[in-house]
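Peer 1: Just need the whole structure built from these sequences, with the hints factored in.
Chains as they are written, first to last, in this note's numbering: chain A, 1 to 115; chain B, 1 to 115.
Hints are not guaranteed to be accurate.
[As the list claims (entries may be wrong)] Capping the alpha-carbon separation at 30 Å, the derived lysine-lysine pairs in DSSO-like fashion look like this:
{"hint": "1", "chain 1": "B", "residue 1": "K68", "chain 2": "A", "residue 2": "K9"}
{"hint": "2", "chain 1": "A", "residue 1": "K71", "chain 2": "B", "residue 2": "K68"}
{"hint": "3", "chain 1": "A", "residue 1": "K41", "chain 2": "A", "residue 2": "K22"}
{"hint": "4", "chain 1": "A", "residue 1": "K9", "chain 2": "A", "residue 2": "K44"}
{"hint": "5", "chain 1": "A", "residue 1": "K22", "chain 2": "A", "residue 2": "K36"}
{"hint": "6", "chain 1": "B", "residue 1": "K68", "chain 2": "A", "residue 2": "K41"}
Just so you know, these hints were derived from the structure itself, not from any lab.
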Amino acid sequence: DTAVSQTPKYLVTQMGNDKSIKCEQNLGHDTMYWYKQDSKKFLKIMFSYNNKELIINETVPNRFSPKSPDKAHLNLHINSLELGDSAVYFCASSNRRVGLGSPLHFGNGTRLTVT
Amino acid sequence: AQSVTQPDIHITVSEGASLELRCNYSYGATPYLFWYVQSPGQGLQLLLKYFSGDTLVQGIKGFEAEFKRSQSSFNLRKPSVHWSDAAEYFCAVGAGGTSYGKLTFGQGTILTVHP
Chain A
1 DTAVSQTPKY
11 LVTQMGNDKS
21 IKCEQNLGHD
31 TMYWYKQDSK
41 KFLKIMFSYN
51 NKELIINETV
61 PNRFSPKSPD
71 KAHLNLHINS
81 LELGDSAVYF
91 CASSNRRVGL
101 GSPLHFGNGT
111 RLTVT
Chain B
1 AQSVTQPDIH
11 ITVSEGASLE
21 LRCNYSYGAT
31 PYLFWYVQSP
41 GQGLQLLLKY
51 FSGDTLVQGI
61 KGFEAEFKRS
71 QSSFNLRKPS
81 VHWSDAAEYF
91 CAVGAGGTSY
101 GKLTFGQGTI
111 LTVHP
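Peer 2: As structure tokens, this is what we get:
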């Protein structure tokens, strides 16, 4: 299946821990994103990578560190987790070369719960 | 700064009835507009997009939306709703240039369909 896939689907952890979320896309896209959806379903962009280069970096605590080993993968590492980090994190991809004709394709999300 | 407002948090319709979900945007340049649908536990699926040209755009699943610049609106419509349309709907405005892919989402409208 062609898709944006992220793992794990659910992640429950305690405050202070470090965790990672992985994302892979096999759509041949050159740009990947992390979006955060909070408890009120509000979606906000966190990061974007184009061909492994960081191009969008919103106001996000530096405990969040994205890593893109290649243009098909974008991982999100979170250090010293806090209660407020509980949210659903969505990975997405698009083809920047195509331009605006290439909309974002989203993964199914990772629900992170920090206790 | 761009913003999106979806005035209706929750809409309930009967199966077979027509549907209109409202979306108002604020953006300084030509807006690039999207409607996404999110089913419970799923990612966001693109319904349709508007970049330029014909102001009435057709999407998947029988949805359409009309861009009205004078009203800063991009309302989503469907002539006859099916029970499977029950989900949450998000309107989004996108930027071009170096901010390509940075979507600003509305707060979402939950659609409930009564049999």
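Peer 1: Assess, step by step, whether the Cα of K68/B is no farther than 30 Å from the Cα of K41/A, and give holds or violated.
Peer 2: holds (26 Å)
Peer 1: Need the status of pair K22/A, K36/A: alpha-carbon distance at most 30 Å?
Peer 2: holds (14 Å)
Peer 1: Would the pair K71/A and K68/B pass a check requiring their Cα atoms to be no farther apart than 30 Å?
Peer 2: Status violated; Cα separation ~37 Å.
Peer 1: Is the straight-line distance between the alpha-carbon of K41/A and that of K22/A 30 Å or less?
Peer 2: Satisfied, since the Cα-Cα distance of roughly 21 Å is no more than 30 Å.
Peer 1: Quickly compare the C-alpha distance for K9/A and K44/A to 30 Å and report which way the hint goes.
Peer 2: holds (19 Å)
Peer 1: Against the 30 Å threshold, does the CA-CA distance of K68/B and K9/A hold or violate the hint?
Peer 2: Measuring from Cα to Cα gives roughly 39 Å; hence the hint is violated.
The structure fails hints 1, 2 (numbered hints given earlier, in ascending order).
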